[in-house]
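Enquirer: So you can see what is in the structure, the chains are spelled out below.
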Amino acid sequence: MALIRLSSPHVYKANSTANVMRLVLIATLPGILAMTFFFGWGTLIQIALACTLALAFEAAVLKLRKRPPGFFLSDGSALVTAILLAVAIPPFSAWWVTATGIFFAIVIAKHLYGGLGNNPFNPAMVAYALLLVSFPVEMTRWTSPMTQHGGGWEIAGFIDTLQVIFGSVDAGFYDSFTGATPLDVLKHRGGLTTEELWRQSDVLTNGVGAWYAVSAAWFMGGIFLLSRKIFTWHTPLSMLVALFLTASAFYGFDPDNYVNPVVHLSVGATMLGAFFIATDPVTSATSNKGKMVFGALLGVLIYVIRTWGNYPDAVAFAVLLMNLCAPFIDQYTQPRTYGHNRANRGMKGKNQ
Amino acid sequence: MSKVFSFHGGIHPPGNKKRSTRAPIGKAPLPKTLMIPMQQHIGGPADPIVKVGDTVLKGQLIAEPISRISASIHAPTSGKVVDIAAYPIPHASGLSEECIVIEADGEDRWIEHQGLGDYTRLKRVDLIEHIRGCGIAGMGGAGFPTDVKLHLSEDHIVNTLIINAAECEPYITADDMLMRERAHEVLGGIEIIAHLLRPSHVLIGIEDNKPNAIHALESVLKHTELNIDMVVVPTKYPSGGERQLIKLLTDIEVPSGRIPADIGIVCQNVGTTAAIYRAVHFGEPLISRIVTVTGDAVLHPRNLETLIGTPFSTLLEACDLRPGALSKLVMGGPMMGVTVENDQIPVIKTTNCLIAATAQEMPEAPPAQACIRCGMCEQACPAELLPQQLYWFAKGREFDKAKHHNLFDCIECGACAYVCPSSIPLVQYYRYAKSEIRTEQRDQQKADHARLRFEARQARLEREAAEKEARRKARAEEAAKAQQQKTAAKDDTSVEQASAATAEPDLKQLKTAAAVARTKLKKAQKAYDEAAASNADNLAELEAALNDARSKANEAEKALTAGAPAATEGGDDNLKQLKVAAAVARTKLKKAQDALKNAEEKGLDGVDKLRTTVATLEQKANEAQQAFEQAGKATTPAVPEEKPAEVDIKALKQQVSIMRTKLKKAESALEGCEDETEKARLQVEADELKQRFEQATAEFDKAEQVLIERAANSGIDLKQLRIDAAMARAAVTKGERSLSKAESDDERSQIEQDLVAARAKAEELNLTLSQYE
Amino acid sequence: MSTVLTAVIVLFLLAAVFGIVLGYASVRFKVEGNPIVDQIDAILPQTQCGQCGYPGCRPYAEAIAGGDAINKCPPGGQSTIDALADLLDVEAVPLDAEHGEEKPRSVAYIREDECIGCTKCIQACPVDAILGAAKQMHTVITSECTGCDLCVEPCPVDCIDMIPIETTPNTWKWPEPPSPMQLIATDRGRGEAAAEAH
Ligand code: SF4
Ligand code: SF4
Ligand code: SF4
Ligand code: SF4
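Residue numbers (this note's numbering), protein chains in the order written: chain A, 1 to 352; chain F, 1001 to 1773; chain X, 2001 to 2198.
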C-alpha cells in the first residue's frame, strides 16, 4: 500500500480557474448578442478573429517560455482578454487593428510581465489604449446602430462586413455604416447646450437606445457573475455609485453644459467596465475595502476623463491608472485580522 | 438560549458524517502490540520509567512528564514492555520518536484504581494534581495538557467556560457519538471543571448538524444546578476552532498572541470533559479514546473505543478495510488532518478520526496554477487575513512581510486552500513560511548565544595574555634589580669571589654564559621564524646568525655540561638545568617544526633550510636529552628510570603525530595538485615525509616497547597503555580513511601495508592491555 | 535689471531657508543606526569556524565592511549571503567554493572512553563548549557547540566526531511546495517532495 504524505486540506471545492473564466465567458453572451443585434456581424467577426489570434499568440509565447501550452491555454484567460478587447473596438475595424491589439495584449501586457496573475495592467485595456492612441481615426469611427439605409432599418450584411474588415474599404459604404458614438457627439458639441444637442443629433435621438440596450445586456451578465460569486459587489457598485454621484453633482449644478448622469451610466463602456474590466481580480485591489476604494476612484476618474479629457470614452485610461494604484491601495486597506485591534497599514516598519 | 454571533469567512464542505453514526460506539480489538509515543501533545515529551522486560498492568504509569507542560502516560493494557525505541509517530513529518512498545498479554488486567468519591471536599490543587496524574490532555486539537488549563483560575479571572462540542470538521463524529451515548459523563466532567474554575456561566457550543447529541445533552442538563447554556450554532467550518467558537458564542475576539484566559474564557473539548469524569470518579487514566473510523475504503465506518497505542491497521481491519480501494490514510479530519504513510502508526490521545479514503473520495489536487487574486480565499478566511498576499510573500521568501501581514494569526484551517480556484496548496505555503521563520529565530538565538560566548572567550584570552605580560615584566624588573645588587656585591667581594671561583670551577659563570647564549639563540630563532613566516629576503643571513647563535649556545652548554659533573655541590642544580635545557631544546625543535610545517603549507623557498634546521634541532634535542639522562644517572642513580623514558616517549609520540599530520597534508596536497612536475616534487616530499613518519613511528614503537617492558617490570602504567591503545586504534582508523581516499594503486598498497602494521600494533597493544586489565 | 536682482535674492533666500531647515533636520532626526559591522555580524552565523579565512565571524564582518566579498561563509550558506546582499545592497553571489561548502549543521561528540584528557580541543574551541581538565575525560556541551569543526583536528587520538544534528518532529520544517511552474505537481509529486525534505 503506497500511502503518501501531503499537507492538509485533503478535499477541495470543485472550482477551478478555468471554471471561473468559463462563467465569465458565459456572462458576456447577452452583451455580445445585443451588440450583434444592434451593430451587425462586425462584433462576432471581431470576436472570432480575436479569439483565434489570442490562442495562437498565447500558445506561441508559452512555447517560447517553455511552459506546457495545453495546460495554460485551458485556463481560458486568453479568451476572456480577446473577447473584452473585441467588444471594445469598433466592429468595423480592419483586421490588422485587432491583430495589433491582441498581440500587444497577450504578448506584451500579459506574458512579458510573467503571465496570468503577474500582469499589473489589464491586458485588454492596455491594448485598447494603445490602439486608441495609435489609430485614433479607426478607433473612433463606431458602427452606427441599425442604420437607416435605403429607407428601412438595417445592418450591414455578413459578407459586406467581412469585406470591410479584411479587404478593401469602400469609403461610401464604410461611411454610411459608421458614425460617432453618443459620447463623441456629446463631447464635440460646438457650443450647443446638452438639451439642444440632444434634439439635433441623429446619433443621440435615434442611436442612443441601442447603447442603452447593450448596457443593459452587460449589466445582466454582471448580475449573473455576481450571483455565482465570481466577484463581490464592492467594485462595480462603488464605481457606478461614484460615477453617478459625480455626474449628478455637475449636472445638478449646470445641466446645460454637463451630461445627465443616467446617460453616463448607460452609454459607452460604463457597464462593461464596471462588471467585466474593473473586476478583473489580477489587476485590481484585493480586500473588500480596497475594492470599494478602487471602484470609487475609478468612477470619479471615468467622469473626469470623459468630461475634460481628449478622448470621448475613458474607461480604458481610468482602469489603467487605477491598476497602477492597486498595490498602493492594497497596502492601506488590509483587513483587520481576527484578534487585532486595528489593521496593518503600509509595509513593514510602519506603525509597528 | 444565548444569542449566536458570527465570524468572518468559513466554508461549507460536505459533511460526510452520517455514515459513521449509524452504529453505536464499538470496542476496538486488542492488538498484539501497542506502541505508545512519548510525545503526544505539545510541550515536553514524557520520560519512560519502565525498562524493557518489565511487566506492566493496565493503567500503570509508564512515563512521567518532565516539564510543566507535559502529560503522564499510562499502560493501555497489561503486558510486557518489549522495546523502548524510536518508531514512526502520527506527525506530519512522518519521523520517528521514542515509543514504549508493549506486548499485550491478552488479560487486560487493571492496576488497582479507584475514584475520588466526593471530589468537592478535596483541595483544588490536589484535585488538579490527580487529573494531571491521570495524563489527561486536550482531545480535540493540539493535545494541550489539561491540568495547565485547570490552573488558569489561579492567575486569571475566568468567568466563562466554553465546552467545544462543535466538531466542525467533516467526517468526524467521535464527539457526536460520545454525547449521544455518554451525555452524563460529559456533564459530570463539566461539573468538575466548573468546580475548579468557578466560571459564572458555562456555554456549550454545538453545531446544528447533531440533533441527537443536542437532544441527549438537553435531557441530562435538566438535572444540573450549574448555569449551563447550550448554544446551537449553524454548521460552518471552522466553527470548532477555539477562537472562532469564542467569537460565535460571545462576540469577543481573543487578542492575537494571547490565550482565551486573558479575556476570562477557558475552552475545553467535550472528549476531555468525559475523560476528566472517568479520571475523577473511577480513577481511570487516559488510556483510551473514541476514534471515528470512516472513509469510502472501509465497509463499515463507525466509532470505536480504542486503546492509545493501537496501530491504525487494527482499526481499519475492525471496520473491514478494502485494501485495494485505499489511496490516502488521513489522521484527523480532511481539512486539518495529516496523511500518514504507514498503517502501523499508533493512535494517540489526539487521534479523533481515521479516514481511509479512496481515490475518488479525495482525488489528487490538480496542479497549482497562478494565483489570479480572485479573493475567494480572503472571503473564506476565518482569521480575516489576506491569504493571497501571504501566499505571495511565502513564495517569494519575503517572510518579514508575511509576518507583518499577520501570518502567525493563521490557524491553518485550510478554508482558503479549499476554495482556491487555482488549487494552490496555500496552507502548505503558510506552514512552510512559519517553520522557516521559526527556524530562523532559533538559529538567530543560537548565533547570538554563540557570539556572546565567543566574545567572552576572546576577552578572557586577552586578559590572560595581559596578565602574563604583566608577570613577565615584573620578573624582568626583579631580575634587573637583583643583577644590580649582585654587581654591587661583586665589587665589594671580588677577592672572595675569586677564591671561591677557584674552588668552584666557574660553574656559575658558565651557566650565565650558557643562558645568554640561549637567549641569543632564542632571539635569533624568533627573528628567523618571523622572517620565514613573512618570506623575507634576508632569510639566509638570519639563518647564518641563527646557526652562529646555535653553535655558541651549544658550546656554552657543552662547557656547562662538562663543568657540571665536576661540581659536586651544584649537582642537583645542574641536573635541573639540564632538564630545562632538554625541554627548551624540545620546544625549539617543536617551533622549528611548526615553522617548517607552515612553510611547507605555504610553499616557501626556505623549506629545505628549515628542514635541515629541524633535523639539527632534533639532534640537539636528543643530545640535550642524553646529556640530561647521563647527568641524571651520574648524580642521582636512584631516580626511577621510567621518568626520562616517559618524557622521551611523549616527545616521540608528539613527533609521530606531527609527522602524521604533515604526511596527511602532503598527501592531500598531492591529491589536489594538477601540475605534473609539481606533483613529482610533492611526491618526493611526501615519500620523504612518509619515511620520516615511519621512522618516527618505529622509534616510537621501540620506545614504547621499552616502556611497556619496563612497565611490566615496575608496575604497569595502565593509563599510558590505554592511551597507546587508543592511539593505535586511531592510527588504524586514520589509515583506513586514507585508504578509502587513496587514488593510485601504488599508494593504496602502500597504505594497506601501513594499515596492516598499524592493525597489528593495535591488536598487540590491545592484547597487552587486556593482559593488564 | 531689478527683476534679475529680485530673482537672485529670492533664490538665495530660498536656498538659505531650505539649507537651515535641512541642516536642522539632519541634526534633530539623526538616526543612531548601529554601525554596519554590528549589523553584518548579526547576520553571520557565529559558528566561529574560521572557514572564511578570518579568525571568527566578527573579524569577517569587519572585513566585509571593509569591502571583502560576502560569499566566504560556508556555514551561513546562501541564506546568509542573500541577507548580506540585502543589507549591503549588492548582488547576491553563490558561495565561494574555495572556502568550503554548506553542510548540514552538526555538533561535536567526544568518544569519552577514548579521550586522553589532553585539553587540546578545549584550546581550539572558539565558544568554550568543551568541558574537561588535564588528564580528565572531556565532553562537549551540545547546546553550546556551534559545529565549527575546529576541535576535530587537534585531537591526538581522533576521538571527536562531528555528528549531524538530526531532525526531530519538533525541528522538522515543512517543505516549500513545488513551484507552479513544475507542472507535474500532482499529489504524488507533492508527497515525494515532502518526503525528501528531511
Ligand atoms: S483563492 Fe487562490 S487564486 Fe484566488 S486569490 Fe486566493 S490564492 Fe489566489
Ligand atoms: S488557513 Fe489560514 S489563511 Fe487560510 S483560511 Fe485558514 S486561517 Fe485563513
Ligand atoms: S566562515 Fe565561520 S568564522 Fe567565518 S563568518 Fe562564517 S561562521 Fe563565522
Ligand atoms: S565543540 Fe568543537 S565543533 Fe563544537 S564549537 Fe567547540 S570546537 Fe567547534
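Source of the hints: derived by calculation from the structure; they are not laboratory data. Check the hints yourself; a few may be wrong.
[Said to hold, decoys possible] Computed from the model, here is a short list of chain F residues facing chain X with C-beta under 7 Å:
1) G1117
2) R1121
3) P1425
4) F1454
No experiment lies behind these values; they were computed from the predicted model shown. Backbone N, C-alpha and C fix where the C-beta goes; we use that ideal spot for every residue, glycine too.
Enquirer: Does each hint hold? Answer for all of them.
Expert: These are the hints, each one checked on the structure:
Below 7 Å, beta-carbon pairs count as interface contacts, and G1117/F has none with chain X, the closest being about 40 Å; its hint is therefore violated. For R1121/F, the interface hint is violated, the least distance from its beta-carbon to any beta-carbon of chain X being 41 Å, above 7 Å. Taking 7 Å as the C-beta cut-off, the interface hint given for P1425/F holds, the closest approach to chain X being about 5 Å. Evaluation of the F1454/F hint against chain X yields a held restraint, the C-beta minimum of about 5 Å falling below 7 Å.
Hint violations for this structure: numbers 1 and 2, all remaining hints satisfied.
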